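**Q** All chains, please: the whole structure from these sequences, using the hints.
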Amino acid sequence: MLPLISEESRENVLKEVFQDVNSWRKEMIHVVKEKNPEINAAIIEAAEKTGLDPKSIALGAYMTYKMMEEAENTENAFLDDIIS
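Everything in the sequence shown is counted per numbering that gives the first Met the number 0, starting at 0 for the first residue and increasing by one.
Honestly, the hints are just simulated from the structure, not real lab data.
Quick caveat, the model's predicted, so the values are computed rather than measured.
Honestly, I wouldn't trust all of these hints.
[Claimed, not checked] For each label pair, taking beta carbons as the anchor points, the in silico distance ranges come out as:
(1) Gly50 <-> Asp79: 41 to 47 Å
(2) Leu3 <-> Ser55: 22 to 28 Å
(3) Glu47 <-> Asp79: 36 to 42 Å
Just so it is clear, CB atoms sit at the ideal spot from N, CA and C, and this is done for glycine as well.
**A** Here it is, written out as structure tokens:
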């Protein structure tokens, strides 16, 4: 099951992204490529094979990835607190 993305997680990620969109997107290419190369390959393929703006597609996908990752970390921390 996918983690629930809270408003706080969304705001945190957007704040981080909008500090420097191009640098953040380029950094995420390497982060996702290392953590999950198949997701990165799918993002790049979608960006290359559509008539849409590739940088926008990649940015949206990487933002979603980052929000899900942050939501999962928050959820895991909450569960750890319950167990402890």
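**Q** Range first: 41 to 47 Å. Now tell me if the beta carbons of Gly50 and Asp79 are that far apart.
**A** holds, 45 Å
**Q** Determine whether the Cβ-Cβ distance between Glu47 and Asp79 falls within the hinted range of 36 to 42 Å.
**A** The hinted range 36 to 42 Å holds for Glu47 and Asp79, with Cβ atoms some 40 Å apart.
**Q** Could one say that the CB atoms of Leu3 and Ser55 fall in the range 22 to 28 Å?
**A** holds, 25 Å
When the structure is compared with the earlier hints, no violation turns up for any of them.
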